[in-house]
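Chains A and B, in that order, are what the protein sequence lines are. Heads up: the first sequence begins at 8 in the numbering used here, then just goes up one per residue. Heads up: the second sequence begins at 75 in the numbering used here, then just goes up one per residue.
What the hints contain is simulated information worked out from the structure, not anything from laboratory work. Treat each hint with caution, since some may be false.
Have a look at the derived ranges for each label pair, beta carbon to beta carbon [said to hold, decoys possible]:
1. B/F224 <-> A/E396: 53 to 59 angstroms
2. B/A259 <-> A/N105: 26 to 32 angstroms
3. A/V108 <-> B/I264: 40 to 46 angstroms
Below, computed lysine-lysine pairings styled on BS3-like, alpha-carbon distance capped at 27 angstroms [stated by the list, open to error]:
4. A/K457 <-> A/K191
5. A/K69 <-> A/K400
6. A/K90 <-> A/K445
7. A/K393 <-> A/K162
8. A/K97 <-> A/K353
9. B/K318 <-> A/K265
10. A/K433 <-> A/K445
11. A/K162 <-> A/K400
12. B/K227 <-> A/K433
13. A/K103 <-> A/K353
14. A/K117 <-> A/K151
15. A/K192 <-> B/K318
16. B/K227 <-> A/K223
17. A/K172 <-> A/K162
18. B/K227 <-> A/K224
19. A/K162 <-> A/K252
20. A/K172 <-> A/K192
21. A/K350 <-> A/K117
22. A/K224 <-> A/K191
23. A/K157 <-> A/K90
24. A/K350 <-> A/K172
25. A/K117 <-> B/K318
26. A/K457 <-> B/K227
27. A/K393 <-> B/K318
28. A/K445 <-> B/K318
29. A/K90 <-> A/K117
30. A/K440 <-> B/K227
A virtual CB, placed ideally from N, CA and C, is assigned to each residue, including glycine.
Given next are the chains, with one letter for each unit.
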Amino acid sequence: MKTTKVSRRQFLRMNALAATGVVLAACGASSAPQTGQSSSTAEPSSAAASAATALSVPAVAKPATITWWSVPSEEYNEEAQRKMLAAFEKANPNIKVNLTVLPADGYDQKMTTALGANQGAPDVAFFWNSAWLPQALDLEPLIKAENFDKSQYIKGFWDTRTQFKGTTVGLPLGVGANFVLYNKKTFDDMKVSYPDMNLTPEQWLQLTPKLTDPSKKRWGGDRPRGPFRAIWFNLGARPFSADSKTVSGYLNGDASVKAYTWLWDLINTNSTPTAADLDVLGTAGTGPVDLFMAGRLAMATLNQGHMLNAVSANVPFGLAREPGTGSNGSWVNAWSNTISVWKGSKEPEAAWTFLRFWGGPEGQKFLMDNANLLPSIKPVLDQYSKANEDYAKTFFQILQDRQVAEVGNLPWMSPVLRAAKPVWDKVMANQIKRDQIKAELDAVVPAAQKALDDARQRLG
Amino acid sequence: MALQPWRTMQPRARREAWEGYLGILPWVIGFVLFTAGPLLVSLGLSFTQWDIVRPPQWVGLANYIRMFTDDDLFRTSLLVTFSYVLLSVPLQLIVGLALALLLNANLRGMNLFRTIFYLPAVLSGVAVALMWIWILHPDLGVVNGILSIFGIKGPGWFWDQHWALPSVVLMRLWSVGGGAVIYLAGLQNIPSQLYEASEIDGASRWQQFWSITLPLLTPTLFFQLITIMIDAFRIFTEAYVITKGGPLNATYFYMLYLYEEAFQNFNMGYASALGWVLVIITAIAALILFRTSSRWVFYEDSEERTV
Numbered sequence: 008m009k010t011t012k013v014s015r016r017q018f019l020r021m022n023a024l025a026a027t028g029v030v031l032a033a034c035g036a037s038s039a040p041q042t043g044q045s046s047s048t049a050e051p052s053s054a055a056a057s058a059a060t061a062l063s064v065p066a067v068a069k070p071a072t073i074t075w076w077s078v079p080s081e082e083y084n085e086e087a088q089r090k091m092l093a094a095f096e097k098a099n100p101n102i103k104v105n106l107t108v109l110p111a112d113g114y115d116q117k118m119t120t121a122l123g124a125n126q127g128a129p130d131v132a133f134f135w136n137s138a139w140l141p142q143a144l145d146l147e148p149l150i151k152a153e154n155f156d157k158s159q160y161i162k163g164f165w166d167t168r169t170q171f172k173g174t175t176v177g178l179p180l181g182v183g184a185n186f187v188l189y190n191k192k193t194f195d196d197m198k199v200s201y202p203d204m205n206l207t208p209e210q211w212l213q214l215t216p217k218l219t220d221p222s223k224k225r226w227g228g229d230r231p232r233g234p235f236r237a238i239w240f241n242l243g244a245r246p247f248s249a250d251s252k253t254v255s256g257y258l259n260g261d262a263s264v265k266a267y268t269w270l271w272d273l274i275n276t277n278s279t280p281t282a283a284d285l286d287v288l289g290t291a292g293t294g295p296v297d298l299f300m301a302g303r304l305a306m307a308t309l310n311q312g313h314m315l316n317a318v319s320a321n322v323p324f325g326l327a328r329e330p331g332t333g334s335n336g337s338w339v340n341a342w343s344n345t346i347s348v349w350k351g352s353k354e355p356e357a358a359w360t361f362l363r364f365w366g367g368p369e370g371q372k373f374l375m376d377n378a379n380l381l382p383s384i385k386p387v388l389d390q391y392s393k394a395n396e397d398y399a400k401t402f403f404q405i406l407q408d409r410q411v412a413e414v415g416n417l418p419w420m421s422p423v424l425r426a427a428k429p430v431w432d433k434v435m436a437n438q439i440k441r442d443q444i445k446a447e448l449d450a451v452v453p454a455a456q457k458a459l460d461d462a463r464q465r466l467g
Numbered sequence: 075m076a077l078q079p080w081r082t083m084q085p086r087a088r089r090e091a092w093e094g095y096l097g098i099l100p101w102v103i104g105f106v107l108f109t110a111g112p113l114l115v116s117l118g119l120s121f122t123q124w125d126i127v128r129p130p131q132w133v134g135l136a137n138y139i140r141m142f143t144d145d146d147l148f149r150t151s152l153l154v155t156f157s158y159v160l161l162s163v164p165l166q167l168i169v170g171l172a173l174a175l176l177l178n179a180n181l182r183g184m185n186l187f188r189t190i191f192y193l194p195a196v197l198s199g200v201a202v203a204l205m206w207i208w209i210l211h212p213d214l215g216v217v218n219g220i221l222s223i224f225g226i227k228g229p230g231w232f233w234d235q236h237w238a239l240p241s242v243v244l245m246r247l248w249s250v251g252g253g254a255v256i257y258l259a260g261l262q263n264i265p266s267q268l269y270e271a272s273e274i275d276g277a278s279r280w281q282q283f284w285s286i287t288l289p290l291l292t293p294t295l296f297f298q299l300i301t302i303m304i305d306a307f308r309i310f311t312e313a314y315v316i317t318k319g320g321p322l323n324a325t326y327f328y329m330l331y332l333y334e335e336a337f338q339n340f341n342m343g344y345a346s347a348l349g350w351v352l353v354i355i356t357a358i359a360a361l362i363l364f365r366t367s368s369r370w371v372f373y374e375d376s377e378e379r380t381v
């Protein structure tokens with residue numbers, strides 16, 4: 008056999024050339040904020056309470072097989088979902104559902120690929136990425152045909168998680184929210200009165216130094232994880248106008264300056280963990296729950312999962328809204344998972360039948376009773392086993408607040424905040440003086456406006 | 075060596091050639107489907123506006139025009155990435171070579187040391203990044219802890235605008251053991267007779283290094299330079315996991331910008347254009363290195379000094 012000798016020089020050159028050829032790295036898709044435009048729905052009705060206990064889904068006449076993609080989570084593990092599916096199939100013998108439980112890490116990539124290719128997507132699935140919503144089936148005709156009761160859902164979750172371009176494309180499954188957990192023992196130790204649930208920004212500034220104890224390596228309270236979340240909205244700040252056209256006067260408006268100034272004041276109390284502390288000691292993406300549980304953070308912005316952990320660990324705690332004045336209404340950073348029917352489904356009626364079971368009173372109650380889901384349907388949520396506990400009552404009240412997602416889920420929010428990030432970084436790093444905040448915000452307005460215009464043109 | 079024309083080949087040689095093609099067929103299919111195909115598709119997408127789930131819209135050169143005329147973040151990310159490349163590549167080359175020289179010493183238990191220094195190269199990038207967050211924490215980190223013993227107040231590292239980029243460079247240096255193994259192979263290919271002869275001539279260790287080791291190692295250095303440079307242009311994980319591009323865009327690398335455009339802003343067409351500009355920049359940098367290599371790369375099997 009004839010061979011061609013490759014010299015070391017040629018070998019090294021070939022390797023270097025080959026390495027030059029491929030530069031692009033494959034990047035995994037990330038969970039992105041979910042989109043939903045606001046629309047109005049009626050208030051929750053008590054009539055839905057009775058529906059919660061009965062299997063009210065009419066059976067589809069002709070046999071159908073549909074596919075369902077899901078992920079396991081703390082709120083709904085695989086076993087509970089399979090049991091729920093068995094209950095559905097028992098009530099709907101004509102519908103066979105093929106469930107695929109995907110690892111949460113790979114779900115987004117798989118969905119994006121299937122929806123982008125417009126083939127192979129599941130009939131029913133989580134549509135939690137706003138980029139997927141154009142591929143979700145318009146549910147309004149089905150909702151109207153069956154007189155499906157939208158008002159059973161908590162209004163904020165319905166408004167922010169089910170609407171796209173003026174129509175309904177999904178149902179909200181489960182609820183979650185951020186709120187302040189405060190450690191009662193720390194308050195007692197420092198002889199400080201507990202706050203009520205309507206904590207103000209000024210109170211937060213006063214309480215954090217009082218609750219800080221360097222000898223015990225304890226901070227009084229944490230710092231926000233980003234601008235234009237609940238506190239900003241509570242203070243009346245918005246990144247852009249209601250019609251999403253103008254940045255000037257909003258991002259750099261009085262309310263926004265007030266919110267950034269509040270943050271500046273908080274940083275300068277030296278009573279909060281630094282950004283480095285939160286990166287190292289916090290739990291990625293979910294807040295400094297470990298510091299709170301260890302008694303090293305007297306007040307922390309956490310979520311309902313952390314609240315239940317605190318209950319299990321017998322940490323004495325109280326609940327409050329994120330700081331606000333009340334004059335701009337109470338806003339909450341809350342979330343739910345949108346579940347939808349794929350527009351390309353060959354069995355839309357069967358898929359809808361299953362969707363409204365899964366995201367309706369029956370499915371959500373099943374997952375509440377058999378896993379850890381907190382339902383987005385108020386009458387079902389009221390049947391929660393701990394519903395009479397003080398913390399649950401406060402949490403349920405907070406869920407009724409207006410949601411940051413009304414604005415936060417708009418697809419142009421992310422580019423606008425990216426353009427405004429230098430101001431956040433400077434305040435967090437204490438690199439500017441208090442009276443420079445307005446000028447710093449003014450300086451990022453042109454870039455933010457450009458980012459808004461560009462994103463609206465592409466995604467509007 | 076010239077290839078033999080197909081028609082003049084003996085039947086046996088033809089059969090062997092077919093077997094050869096058959097052998098490489100799985101790789102060729104994989105390359106076409108998973109590398110060349112997506113590359114070409116991304117080139118096409120770079121002339122479109124595409125939000126993933128709706129059909130792409132042809133926009134011609136608009137993405138490229140915007141990039142060079144109306145995009146501050148493009149310029150920022152490019153500048154940060156160039157700064158990183160200029161800072162990181164020479165350091166990785168020098169430290170990797172120095173480590174290889176140490177690991178080339180004829181000492182007892184050297185294989186164990188080689189293994190230990192190579193270990194960082196096989197660890198997951200995300201896990202390493204999370205570990206370095208701890209190591210370089212301004213108050214709790216071991217580095218500032220050691221500095222404080224000597225009365226030095228350590229910097230804010232990843233959380234300081236001026237130290238964030240050097241922190242990423244430092245973190246990358248930790249894994250030069252992977253490159254050192256390649257240097258080591260190069261070092262062990264240098265004929266020992268050259269060292270013996272130079273010793274007889276009275277050459278010092280330093281003279282041996284400058285006159286024998288370094289010239290004969292230049293092909294390996296060249297290979298390392300190309301691969302490290304390409305890798306440096308693609309830096310992403312550290313910024314994504316640790317700094318998110320901050321503080322104040324100090325670590326806003328090009329690939330992070332590309333990722334945000336693609337997967338946060340759903341601007342796939344623009345992200346594809348960004349990818350192709352990076353390919354072109356990297357190719358130009360590599361071409362410059364190839365062109366200049368004739369002046370400093372020496373090949374043992376060639377009488378010429380040129381490549």
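Cross-check of the supplied hints:
no.: 1; hint: B/F224 <-> A/E396: 53 to 59 angstroms; result: holds, 54 angstroms
no.: 2; hint: B/A259 <-> A/N105: 26 to 32 angstroms; result: violated, 52 angstroms
no.: 3; hint: A/V108 <-> B/I264: 40 to 46 angstroms; result: violated, 57 angstroms
no.: 4; hint: A/K457 <-> A/K191; result: violated, 47 angstroms
no.: 5; hint: A/K69 <-> A/K400; result: violated, 44 angstroms
no.: 6; hint: A/K90 <-> A/K445; result: violated, 56 angstroms
no.: 7; hint: A/K393 <-> A/K162; result: holds, 22 angstroms
no.: 8; hint: A/K97 <-> A/K353; result: holds, 22 angstroms
no.: 9; hint: B/K318 <-> A/K265; result: holds, 26 angstroms
no.: 10; hint: A/K433 <-> A/K445; result: holds, 13 angstroms
no.: 11; hint: A/K162 <-> A/K400; result: holds, 17 angstroms
no.: 12; hint: B/K227 <-> A/K433; result: holds, 22 angstroms
no.: 13; hint: A/K103 <-> A/K353; result: holds, 14 angstroms
no.: 14; hint: A/K117 <-> A/K151; result: violated, 32 angstroms
no.: 15; hint: A/K192 <-> B/K318; result: violated, 36 angstroms
no.: 16; hint: B/K227 <-> A/K223; result: holds, 23 angstroms
no.: 17; hint: A/K172 <-> A/K162; result: holds, 18 angstroms
no.: 18; hint: B/K227 <-> A/K224; result: holds, 20 angstroms
no.: 19; hint: A/K162 <-> A/K252; result: holds, 26 angstroms
no.: 20; hint: A/K172 <-> A/K192; result: violated, 48 angstroms
no.: 21; hint: A/K350 <-> A/K117; result: holds, 17 angstroms
no.: 22; hint: A/K224 <-> A/K191; result: holds, 17 angstroms
no.: 23; hint: A/K157 <-> A/K90; result: holds, 26 angstroms
no.: 24; hint: A/K350 <-> A/K172; result: holds, 15 angstroms
no.: 25; hint: A/K117 <-> B/K318; result: holds, 25 angstroms
no.: 26; hint: A/K457 <-> B/K227; result: violated, 41 angstroms
no.: 27; hint: A/K393 <-> B/K318; result: violated, 39 angstroms
no.: 28; hint: A/K445 <-> B/K318; result: holds, 25 angstroms
no.: 29; hint: A/K90 <-> A/K117; result: holds, 24 angstroms
no.: 30; hint: A/K440 <-> B/K227; result: holds, 24 angstroms
In terms of the numbered hints stated before, the structure departs from hints 2, 3, 4, 5, 6, 14, 15, 20, 26, 27, listed from lowest to highest.
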